[in-house]
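A.B. asks: Residue 1 is where the sequence shown starts when you use the UniProt record's numbering, and the numbers rise one by one after that.
It is worth saying that the hints were derived from the structure and are not from the lab. We treat Cβ as the ideally placed atom computed from N, Cα and C, and that holds for glycine. Mixed in with the good hints there might be a few duds.
[Stated by the list, open to error] Straight-line C-alpha distance at most 25 Å; calculated SDA-like pairs for lysine to any residue:
| no. | residue 1 | residue 2 |
| --- | --- | --- |
| 1 | Lys104 | Val58 |
| 2 | Lys104 | Asp121 |
| 3 | Lys79 | Arg56 |
| 4 | Lys120 | Ile57 |
| 5 | Lys79 | Pro109 |
| 6 | Lys79 | Glu90 |
| 7 | Lys120 | Asp48 |
| 8 | Lys104 | Trp49 |
| 9 | Lys79 | Val98 |
| 10 | Lys120 | Asn78 |
| 11 | Lys120 | Cys45 |
| 12 | Lys79 | Trp49 |
| 13 | Lys43 | Asn33 |
| 14 | Lys43 | Glu90 |
| 15 | Lys43 | Leu113 |
| 16 | Lys120 | Gln101 |
| 17 | Lys120 | Gln102 |
| 18 | Lys104 | Asn33 |
| 19 | Lys79 | Ser125 |
| 20 | Lys104 | Ile84 |
| 21 | Lys43 | Trp122 |
| 22 | Lys104 | Asn44 |
| 23 | Lys79 | Asn52 |
| 24 | Lys120 | Gly66 |
| 25 | Lys79 | His51 |
| 26 | Lys80 | Leu113 |
| 27 | Lys104 | Ile57 |
| 28 | Lys80 | Thr53 |
| 29 | Lys80 | Lys120 |
[Unchecked claim] Simulated DEER-style distance windows between Cβ atoms:
| no. | residue 1 | residue 2 | range |
| --- | --- | --- | --- |
| 30 | Glu39 | Ile83 | 25 to 31 Å |
| 31 | Gln38 | Gln102 | 15 to 21 Å |
| 32 | Gly47 | Asp86 | 35 to 41 Å |
| 33 | Tyr42 | Glu90 | 21 to 27 Å |
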Amino acid sequence: MGRYTACSRSFSSWGSKTSSTLGNAMKKNETDNFSWLQEWFYKNCNGDWEHNTNIRIVNLDNPGWGVFINVSETVLENKKFQIIDDYRTENDWIYCVVENQQFKAAGGPFNLLEMLRVFKDWAES
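Input sequences plus hints: build the corresponding full structure.
C.D. replies: In structure tokens form, the structure reads like this:
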């Protein structure tokens with residue numbers, strides 16, 4: 001098992017494989033977050049900002065997902081964020097933080113859409 005420390009936390013003990021399913025209604029609502037993220041990205045394009053790597057979604061080796069979103073030069077750059085550290089099971093967990101004007105999230109193999117929802121909820125609050 002790998003070790004993930006980009007969010008200032010070790011996830012080395014999390015990640016054995018078990019199955020997980022999502023309800024159709026949740027899938028629909030959660031996938032809308034991808035459309036929202038595309039719009040958010042486009043609204044922040046100013047001729048310069050978009051030339052950097054501002055949004056990254058990566059897979060983790062424990063297994064899971066990492067989401068990194070640069071919020072510098074956006075309306076979110078000084079917005080307060082309350083750390084989310086929610087471990088439910090080995091494959092159902094998220095950890096989200098904003099550090100150095102970057103939203104950083106890590107989660108289990110079935111939590112990618114939830115992490116995007118956390119970003120969206122924070123951005124819209």
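A.B. asks: Give a verdict on every hint.
C.D. replies: Cross-check of the supplied hints:
no.	hint	in the structure
1	Lys104 / Val58	holds (11 Å)
2	Lys104 / Asp121	holds (14 Å)
3	Lys79 / Arg56	holds (20 Å)
4	Lys120 / Ile57	holds (15 Å)
5	Lys79 / Pro109	violated (28 Å)
6	Lys79 / Glu90	violated (31 Å)
7	Lys120 / Asp48	holds (23 Å)
8	Lys104 / Trp49	holds (18 Å)
9	Lys79 / Val98	holds (9 Å)
10	Lys120 / Asn78	holds (16 Å)
11	Lys120 / Cys45	holds (17 Å)
12	Lys79 / Trp49	holds (18 Å)
13	Lys43 / Asn33	holds (15 Å)
14	Lys43 / Glu90	violated (36 Å)
15	Lys43 / Leu113	holds (21 Å)
16	Lys120 / Gln101	holds (16 Å)
17	Lys120 / Gln102	holds (14 Å)
18	Lys104 / Asn33	holds (16 Å)
19	Lys79 / Ser125	holds (10 Å)
20	Lys104 / Ile84	holds (11 Å)
21	Lys43 / Trp122	holds (16 Å)
22	Lys104 / Asn44	holds (18 Å)
23	Lys79 / Asn52	holds (21 Å)
24	Lys120 / Gly66	holds (16 Å)
25	Lys79 / His51	holds (23 Å)
26	Lys80 / Leu113	holds (22 Å)
27	Lys104 / Ile57	holds (10 Å)
28	Lys80 / Thr53	holds (22 Å)
29	Lys80 / Lys120	holds (14 Å)
30	Glu39 / Ile83: 25 to 31 Å	holds (26 Å)
31	Gln38 / Gln102: 15 to 21 Å	holds (19 Å)
32	Gly47 / Asp86: 35 to 41 Å	holds (38 Å)
33	Tyr42 / Glu90: 21 to 27 Å	violated (36 Å)
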